[in-house]
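**Student:** Sequence:
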Amino acid sequence: MKNRITTLFNIKYPIISGGMVWCSGWRLASSVSNAGGLGLIGAGSMYPDVLREHIQKCKANTDKPFGVNVPLMYPQIEEIMEIIIAEGVKVVFTSAGSPKVWTKKLQDNGIKVAHVISSAKFALKCEEAGVDAIVAEGFEAGGHNGREETSTMVLIPHVRESVSIPLIAAGGIATGAGMLAAFALGAEGIQMGTRFALTQESSAAQEFKDLCLSLKEGDTMLSLKKVSPTRLIKNEFYNQVQAAEDRGASVEEMRELLGRGRSKKGIFEGDLVEGELEIGQIVSLINDLPSAAAVVKNIIDEYNIRLESFVAEKPMLI
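In my numbering, each residue's number is its place in the sequence shown (first place is 1) plus 782.
Hints should not be assumed to be uniformly reliable.
Distance windows between CB atoms, simulated [to be verified]:
1. Pro1072 / Glu1034: 38 to 44 Å
2. Ala959 / Glu931: 19 to 25 Å
3. Gln1024 / Gly912: 39 to 45 Å
4. Gly1041 / Glu835: 25 to 31 Å
Bear in mind the hints are in silico, worked out from the structure with no lab data behind them. These figures come from a predicted structure and were not determined experimentally. Where is the CB? At the ideal position from N, CA and C, for every residue including glycine.
My request is simple: use the sequences and hints to build the entire structure.
**Tutor:** As structure tokens, this is what we get:
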């Protein structure tokens, strides 16, 4: 499969693993890259020295391209970027900030840059900033979300009409059928978080993975809207957040409730009661923990089967 995304990142398949905090370490990133996709290390939960270690281990375990996801609000962003440049990383996905700040410097050092957005307005700003690709993420996604609450099925065609640069779809995609739907709307690649979070190589706690496999439709909700909209599993911490939001708690009160290390406690350490448990809506369709390589293969196989079926049946639709 060859298109602008595979050519841009020099990969076999236009499948990217999301750079998820507490899930996306070197094991997951290298496994996805070895399978023909683009694995991302999630720098958002890593101190600089830890990130350096993960990059070096990833290089030791794959000779294929991989990248690093960097939230631009990271407090040690300068040190993080210098490590990425020094270690020779070839791809960076940025989010949660202005793409203008780092795009040129990264590109000047031979790094391809993609930026995650949640609206066509921000897509245009990315194109103006000169990024190489855009990830348009609908509010079905797990973790931090855009305030617009625009679904992927609505967002992708809006972004496709607004910009001409390569477009990656994210949010609510975990199957080959989902990939085909995203492509039909104008995407040229997909980024999956939840599907890769629930794999053997994900660094999430087993307790977290097991809970996710039991979730049904409606078991996640967009919450923490006063601080940073985040999709959470309904648990005791979620109930505390909702109670605070319902009584009109201030931003300061919400930040105090959130505290520090909530997502680590839930996702990485497996505290299913008091932890912040982030996962996407598509989790209700996932019921297994395969290898990352099996995920890539299954996505491509199903995509091809669905595409062939559609082409064969298309005359009946005219």
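**Student:** Between the beta carbons of Gln1024 and Gly912, is the distance compatible with 39 to 45 Å?
**Tutor:** Because 41 Å falls inside the window, the suggested range holds.
**Student:** For Ala959 and Glu931, compare the CB-CB distance with the range 19 to 25 Å and indicate the outcome.
**Tutor:** holds, 24 Å
**Student:** At the C-beta level, are Gly1041 and Glu835 separated by a distance inside 25 to 31 Å?
**Tutor:** 27 Å Cβ-Cβ, so the 25 to 31 Å window holds.
**Student:** When you take the CB atoms of Pro1072 and Glu1034, is the distance between them in 38 to 44 Å?
**Tutor:** holds, 43 Å
In this structure, every one of the numbered hints holds.
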